[in-house]
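Trainee: Taking the hints into account, I'd like the entire structure generated from these sequences.
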Amino acid sequence: MPGIAIVVRCLMLGSILAGAVSASPTACAQGRREARGPLRVHPTNPRYFTDGSGRAIYLTGSHTWANLQDQGPADPPKAFDFDGYLDFLVERHHNVIRLWAWEQARWAPWSDGKGSNPSDWFVQPVPYARTGPGNALDGRPKFDLDRFDDAYFDRLRTRVRRAGGRGIYVSVMLFQGWSSAKEWLGGTPWRGHPYHPENNIQGWSGNRTGTSGPALDDPGVRERQAAYIRKVVDTLDDLDNVLYEVANEGGYRDWDLFVVNAVHACEKSRPKQHPVGLTGHGAESNDEMMASPVEWFSPGSSQWPDLKTDPRAVDGRKVSLLDTDHVFGVGGDREWVWKAFLRGHNVLFMDPYGDPAWDPVLAAQGVGSPGAEGARRAMGQARRFAERMDLAASRPAGELASTGYCLAVPGREYLAYLPDGGPATVDLSAAKGKLSVEWSRPIEGNPTPGEAVEGGGRRTLKAPFAGDAVLYLRATP
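Those letters in the sequence shown? Residues -20 to -1, 1 to 457, by mature numbering (1 follows the signal peptide of the UniProt record, and there is no 0).
The hints are simulated quantities; they were obtained by calculation from the structure and are not laboratory data.
If you're wondering where the values come from, they're calculated on a predicted model, not measured in any experiment.
Idealized CB from N, CA, C, for every residue including glycine.
Everything hinted at is true.
Restraint ranges, calculated between C-beta atoms of paired labels, are given here:
1. A344 to P457: 52 to 62 Å
2. G95 to S416: 52 to 62 Å
3. S416 to P336: 41 to 51 Å
4. P403 to E353: 21 to 31 Å
5. D55 to S249: 38 to 48 Å
6. R141 to P427: 30 to 40 Å
7. K414 to A59: 49 to 59 Å
8. S99 to D61: 22 to 32 Å
9. E353 to K414: 35 to 45 Å
10. D234 to E418: 43 to 53 Å
11. P177 to E367: 51 to 61 Å
Straight-line distance between alpha carbons at most 30 Å, and here's what the computed DSS-like set of lysine-lysine pairs gives:
12. K58 to K94
13. K412 to K442
14. K442 to K414
15. K288 to K442
Mentor: Here's what the structure looks like:
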């Protein structure tokens, strides 16, 4: 298909369209030290990643819309406290974020001034240099599409490195569906996009036939996007804590494949290759994403509505980063977190993060997240259990617990969730000898030991406290 040929040509030519700030033509092939740290799909349990150590790594964390680019209704937008954000994540024992990328410099789908919506929206910085001559539609100097903005890519690298220094993986978003085509809320972000013909010194249009955003099947658009993808990879390729995400809720199958192949092709000759993923609520269904060449996917509830109340178990075809963003938009609580974890998903949380700039936007849409702190704390507790268990040997085993929520290494370990507390029956037929019993609360932890039970059959146990509970059974030596 023509898009793939463009990617290959773009990567071979190296600095096409990237100008002075692009990497050299041989950047993709330069030798670097042997990589051991980047995530790869676990060879025996593909529900999870590994870093090469053999252990399975459970990913969970909060992410928020302004964690890369400052944004909001004021000009300039309030600076985001990234170091404070990292403190917030570490304190809750989180280890992954999505790093949100926005393509437009001004306006957003929600900046229509209706109800509590703001009438304007600003995003800084963006990937292309603003050199002029002349002003773009937002009143600032026009973009030079042949030059990238060093400030943007310096910030990108710095923030990914800082996160890595705190033990946090970063899913780097490449493109943003909400930056152009999603005008249904009344705003028009395409007016602020660098590819709008009135916004760049080249007078070049990323959509010659419409006004809905870049035409993703246009060869010229793909060439420019390939140069940008290469610049991102050149900026981050030596770092271990990187994942790539094609786009947030946008694109379609052929274009998704173009982006995936562009990343894979640029990394192919490098010592380090990083996982690439697709997220739900784009043009592809969950089944199509699972059949694609990506290493991970984030399922959406538009095809699988049960994800909202009773998340289905992961079948192991792809690593699932189940994100509240693609299930509720904004929503989720501690009960949902535990259900998803015990069904084999890695759990991500779309976090409003108490940012006042977003409060009126969420209010206008009638959404909120009253269970946010419970979800955040539950995610950290789930990760602590994931670190204690032999996660690489585990599987979702809802049939072994009367509640239907159980992650187990049958015969050795059983982790069950009791949404209503009280008694629960666990099938320990595969276990021999005694198993230790530990009860804990889904958020606080505070383990309470119980009396050991004998394996070899079904056993009923009752939580020693009221409310939902977590039960952990482990075979004693």
